Amino acid sequence: SQTIHQWPATLVQPVGSPLSLECTVEGTSNPNLYWYRQAAGRGLQLLFYSVGIGQISSEVPQNLSASRPQDRQFILSSKKLLLSDSGFYLCAWTMGGAGETQYFGPGTRLLVL
Amino acid sequence: QKEVEQNSGPLSVPEGAIASLNCTYSDRGSQSFFWYRQYSGKSPELIMFIYSNGDKEDGRFTAQLNKASQYVSLLIRDSQPSDSATYLCAVTYPVEYGNKLVFGAGTILRVKS
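Quick mapping for you: the protein sequence lines, in order, are chains A and B.
For what it's worth, my numbering labels the leading residue of the first sequence as 1, then goes sequentially.
For what it's worth, my numbering labels the leading residue of the second sequence as 1, then goes sequentially.
I should point out that these hints are in silico values taken from the structure, not numbers from a laboratory.
Bear in mind the structure is a predicted one, so any value in this text is a computation, not a measurement.
Cβ atoms here follow ideal geometry from the backbone N, Cα and C, with glycine treated the same way.
Warning: the hint list may mix true and false statements.
Unchecked claim - Label pairs and their in silico Cβ distance ranges:
| # | chain 1 | residue 1 | chain 2 | residue 2 | range |
| --- | --- | --- | --- | --- | --- |
| 1 | B | Y71 | A | A39 | 24 to 30 Å |
| 2 | A | I56 | B | S12 | 28 to 34 Å |
| 3 | B | G16 | A | P8 | 39 to 45 Å |
| 4 | A | P106 | B | R60 | 38 to 44 Å |
| 5 | B | S20 | A | Q62 | 26 to 32 Å |
| 6 | B | R77 | A | G27 | 32 to 38 Å |
| 7 | B | P14 | A | P8 | 36 to 42 Å |
| 8 | B | R77 | A | Q62 | 40 to 46 Å |
| 9 | A | S65 | B | R77 | 31 to 37 Å |
| 10 | B | L75 | A | R42 | 40 to 46 Å |
| 11 | B | L75 | A | V12 | 38 to 44 Å |
Claimed, not checked - Sample of chain B residues lacking proximity to chain A, with all beta carbon distances greater than 10 Å (derived):
| # | residue |
| --- | --- |
| 12 | I18 |
| 13 | Q31 |
| 14 | S32 |
| 15 | R60 |
| 16 | R77 |
| 17 | T92 |
| 18 | N99 |
| 19 | L101 |
| 20 | V102 |
Claimed, not checked - For the chain B half of the interface with chain A, some residues (derived, Cβ under 8 Å), not all of them:
| # | residue |
| --- | --- |
| 21 | F49 |
| 22 | L75 |
| 23 | K100 |
| 24 | A105 |
Required output: the full structure, derived from the provided sequences and hints.
If you want it as structure tokens, here you go:
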């Protein structure tokens, strides 16, 4: 069966510090991968998605970036965090090709102070 | 712009009653429709999906889709306090869009014992 991991689970960072969040998927190959952010009391905002290694599509202009160095690894980064970057970051995957159902990881709660 | 609208609630129902959650979407090109449940502080979990007009039942849950009216709903029969959560409606678009999901902001459901 497939599982998705995210770490860290929680993170408190000062404004201006760098960020690296990691997501890995097990039990499948060539998944589509997605990064979402959920601000407190808000809906899910799609940040990036990837259909393959090195292929990243950005949905929202911001100070975040994403990379996919391996088939089942997806990384969200920032060089300098802003207060507005606080939120709940969720990674999700679907099967590649016609797969549509997205399954979410446990999430990373980020607080920027 | 593709939009998904949900009443934010909270929707309060007594234990044992039927909870009815509604969702409308803007793009007639939408192909697949999903309901996720999100407990406070947790990541969304899939309840069910529906592709075709009509009803789809899974245990106490029934999804209803009306593509002509661009409307999808979720009925929860015999509601339990454990059903108290935020319910997210999501709509997906074709492969050329990376199988992206567009989420509504969610409806808060409270089941009173």
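Results of checking the hints against the structure:
no.: 1; hint: B/Y71 to A/A39: 24 to 30 Å; result: holds (27 Å)
no.: 2; hint: A/I56 to B/S12: 28 to 34 Å; result: violated (42 Å)
no.: 3; hint: B/G16 to A/P8: 39 to 45 Å; result: holds (41 Å)
no.: 4; hint: A/P106 to B/R60: 38 to 44 Å; result: violated (25 Å)
no.: 5; hint: B/S20 to A/Q62: 26 to 32 Å; result: violated (37 Å)
no.: 6; hint: B/R77 to A/G27: 32 to 38 Å; result: holds (33 Å)
no.: 7; hint: B/P14 to A/P8: 36 to 42 Å; result: holds (40 Å)
no.: 8; hint: B/R77 to A/Q62: 40 to 46 Å; result: holds (42 Å)
no.: 9; hint: A/S65 to B/R77: 31 to 37 Å; result: violated (45 Å)
no.: 10; hint: B/L75 to A/R42: 40 to 46 Å; result: violated (26 Å)
no.: 11; hint: B/L75 to A/V12: 38 to 44 Å; result: holds (41 Å)
no.: 12; hint: I18; result: holds (25 Å)
no.: 13; hint: Q31; result: violated (8 Å)
no.: 14; hint: S32; result: violated (5 Å)
no.: 15; hint: R60; result: holds (20 Å)
no.: 16; hint: R77; result: holds (23 Å)
no.: 17; hint: T92; result: violated (5 Å)
no.: 18; hint: N99; result: violated (5 Å)
no.: 19; hint: L101; result: violated (6 Å)
no.: 20; hint: V102; result: violated (8 Å)
no.: 21; hint: F49; result: holds (6 Å)
no.: 22; hint: L75; result: violated (20 Å)
no.: 23; hint: K100; result: holds (6 Å)
no.: 24; hint: A105; result: holds (4 Å)
Violated hints for the displayed structure, listed by number in ascending order: 2, 4, 5, 9, 10, 13, 14, 17, 18, 19, 20 and 22.
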